[in-house]
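Below, each chain spelled out in residue letters.
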Amino acid sequence: MHLILFIVFAGFCLAGAINLLLQSHPINSALSLIVVMVSLAVLYLLLGAEFLAVAQVIVYAGAIMVLFTFVIMLLNASREERTLGSRAALRVGFPAVVAILAIIATVILHTQGLGVARLSDGITSTEELSAVLFTKLLLPFEVTSVLILIAILGAVAMAGHEEQGTGNRDQGSEKVSERTGEK
Amino acid sequence: MTILQFILWSVLKVAVVTVVMLLAVAYTVLLERKLVGRIQNRWGPSRVGPFGLLQPLVDGAKSFLKEDIIPTCVYRPLYLIAPILALGCALISIGVVPFGEPVSIAGSPPLFQIANVNIGLLVILGVTSIGVYGIALAGWSSNNKYSLLGALRSSAQLVSYELALGLSLVGVVLRAGSLNLRKIVEQQSTQGILTWNVFGGMQFVAFFIYLMAAYAETNRSPFDLPEAESELTGGYHTEYSSMKFAMFFMAEYANMITVGCVATLLFFGGWTSPFGDLIPPSENVFFDAGLSLFWFVLKVFAFLFLYVWVRGTLPRFRYDQLMNFGWRWLMPLAILNIVGTSLWLAYR
Chain A
179 MHLILFIVFA GFCLAGAINL LLQSHPINSA LSLIVVMVSL AVLYLLLGAE
229 FLAVAQVIVY AGAIMVLFTF VIMLLNASRE ERTLGSRAAL RVGFPAVVAI
279 LAIIATVILH TQGLGVARLS DGITSTEELS AVLFTKLLLP FEVTSVLILI
329 AILGAVAMAG HEEQGTGNRD QGSEKVSERT GEK
Chain B
6 MTILQFILWS VLKVAVVTVV MLLAVAYTVL LERKLVGRIQ NRWGPSRVGP
56 FGLLQPLVDG AKSFLKEDII PTCVYRPLYL IAPILALGCA LISIGVVPFG
106 EPVSIAGSPP LFQIANVNIG LLVILGVTSI GVYGIALAGW SSNNKYSLLG
156 ALRSSAQLVS YELALGLSLV GVVLRAGSLN LRKIVEQQST QGILTWNVFG
206 GMQFVAFFIY LMAAYAETNR SPFDLPEAES ELTGGYHTEY SSMKFAMFFM
256 AEYANMITVG CVATLLFFGG WTSPFGDLIP PSENVFFDAG LSLFWFVLKV
306 FAFLFLYVWV RGTLPRFRYD QLMNFGWRWL MPLAILNIVG TSLWLAYR
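Top to bottom, those sequences are chains A and B.
First residue of the first sequence? That's 179 in our numbering, and the numbers climb one at a time after it.
First residue of the second sequence? That's 6 in our numbering, and the numbers climb one at a time after it.
I should point out that these hints are in silico values taken from the structure, not numbers from a laboratory.
Computed from a predicted structure; not experimentally measured.
Built from N, CA and C at the ideal position, the CB exists for glycine as well.
Take the hints with a grain of salt, since some may be wrong.
[Stated by the list, open to error] Label-pair ranges, simulated between beta-carbon atoms: (1) A:Pro318 to B:Ser287: 53 to 59 Å; (2) A:Glu306 to B:Asp282: 30 to 36 Å; (3) A:Glu306 to B:Phe299: 35 to 41 Å; (4) A:Ile326 to B:Val108: 31 to 37 Å; (5) B:Leu311 to A:Pro318: 40 to 46 Å; (6) A:Val310 to B:Phe292: 44 to 50 Å; (7) B:Thr238 to A:Phe184: 46 to 52 Å; (8) A:Gln201 to B:Thr238: 30 to 36 Å; (9) A:Leu181 to B:Phe299: 40 to 46 Å; (10) A:Leu279 to B:Arg333: 46 to 52 Å; (11) B:Phe291 to A:Ile326: 48 to 54 Å; (12) B:Leu311 to A:Lys314: 43 to 49 Å.
[Said to hold, decoys possible] Chain B regions said to be covered by chain A (calculated; three or more residues, Cβ under 8 Å): (13) 137–148; (14) 153–162.
Take the sequences, apply the hints, and build the full model.
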């Protein structure tokens, strides 16, 4: 049962990712990205990480992608032009990507003791997760939150400067960037 | 219980809940029309059936029979997906709501709830956050400036108020120590009305924030800017007709009911009686189950009544007022509520 679900949703995930690259309209790409994120959430759930799964849906699929579609709708971005791509990308880019992926894969395969993830019925409850997060991993957790706070302040400061420069014309962008910061 | 039995029971429960939910949606529309009618000193629908009780059926038939127009310039795939997405998400989120005491008959899984999930509260929030796309895509794919404006307003409003809504629930979760809706209800059911989160739990500030944010989340008056008919003709569903329009309509009312259910579960003791142990439980299991269902429905009905009452009484906000209210008042207030509740829980 778990294996069937895993295969189905991994398939959705890959199909969404490939569709994201192939679509020529930005809004279709954005929607494919949402499919990818929701399928990833189901994969997390299959690994027993229920909180992570729902957080993935709420934060990424629900909040961040809404802002993406929001921007696409506001700019009314239309179809992008198809080009054949530069020759440099073909000759250097693809081999480089393959080489990097190969290096990463060999490093992972040769490292011992990375731990294993197994599809199972066992579920890590939110209580256990928060206990680990607020005792063992307290420092990284707090550092990350300070980092996000700095990003929010930066976004607000930049939006404020823009408004001073151009007068009252650009209120909309201020609101959008404020929202991006909050998330 | 074998997996086949489990699937059969789940399908049965889903079917019953969906039918009841759709009926409830139809009659909420009638309730709104009757009540707003009385508030405005007129009768409301009164011709079809006794007291106009068959009006929803006739309305449904009308929506089915109307011509389904798809304008030529719409972006078809998204135009067709949008109403399905909106109604689908509205109906899915009811799946984790417990309607009554966990009774089971003949070895069945507990009735009155489709799925008892550990993180039920977060599932509801997650599914509603996906529901935004129904509205946003409807507005964008219609290729109509009014639709687009309505959709932009709506998604901005939803994203802004979702934060205040989520933060207002943290106080309740802190008190219950769980995200499971059943556990949250059981935690506040010990002394009846005295231990409900909104009174004994000191979460009335959270309840106020939740109520405001929920009105905005469901696009209801006084925050119904996305479909402000005096400025935007119809908002995001201007270009929709027939059943596609009806699906958006049903999604809105289904969301209202879900929001009422969540408020009942989190702040008003869910299916438990307000009298606590003053009325001893009877011997009959079915009577008790029915009674718990009765209290739940009564509380949700009170919320729907309040919804309509507010709609009939308050004027619409302006857009900048809406954003100011959400970001500058509700969100700081919600954060203060979290800090206050945590301090109280730590030092009591």
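To see whether the hints hold, each was checked on the structure:
1. A:Pro318 to B:Ser287: 53 to 59 Å: Holds, since Pro318 of chain A and Ser287 of chain B (Cβ atoms, about 55 Å apart) stay within the stated range.
2. A:Glu306 to B:Asp282: 30 to 36 Å: 34 Å, holds
3. A:Glu306 to B:Phe299: 35 to 41 Å: For Glu306 of chain A and Phe299 of chain B the Cβ distance comes to about 38 Å; the hint holds.
4. A:Ile326 to B:Val108: 31 to 37 Å: Violated: the Cβ-Cβ distance is about 46 Å, outside 31 to 37 Å.
5. B:Leu311 to A:Pro318: 40 to 46 Å: With a Cβ separation near 45 Å, Leu311 of chain B and Pro318 of chain A satisfy 40 to 46 Å, so the hint holds.
6. A:Val310 to B:Phe292: 44 to 50 Å: 46 Å, holds
7. B:Thr238 to A:Phe184: 46 to 52 Å: 47 Å, holds
8. A:Gln201 to B:Thr238: 30 to 36 Å: 31 Å, holds
9. A:Leu181 to B:Phe299: 40 to 46 Å: 44 Å, holds
10. A:Leu279 to B:Arg333: 46 to 52 Å: 48 Å, holds
11. B:Phe291 to A:Ile326: 48 to 54 Å: Since Phe291 of chain B and Ile326 of chain A have Cβ atoms about 52 Å apart, the given range 48 to 54 Å holds.
12. B:Leu311 to A:Lys314: 43 to 49 Å: Between Leu311 of chain B and Lys314 of chain A, where Cβ atoms are some 46 Å apart, the hint holds.
13. 137–148: holds (count 6)
14. 153–162: Coverage by chain A holds here, the residue count being 5 at a Cβ distance below 8 Å.
Figure legend: structure checked against the earlier numbered hints; the only hint not met is number 4.
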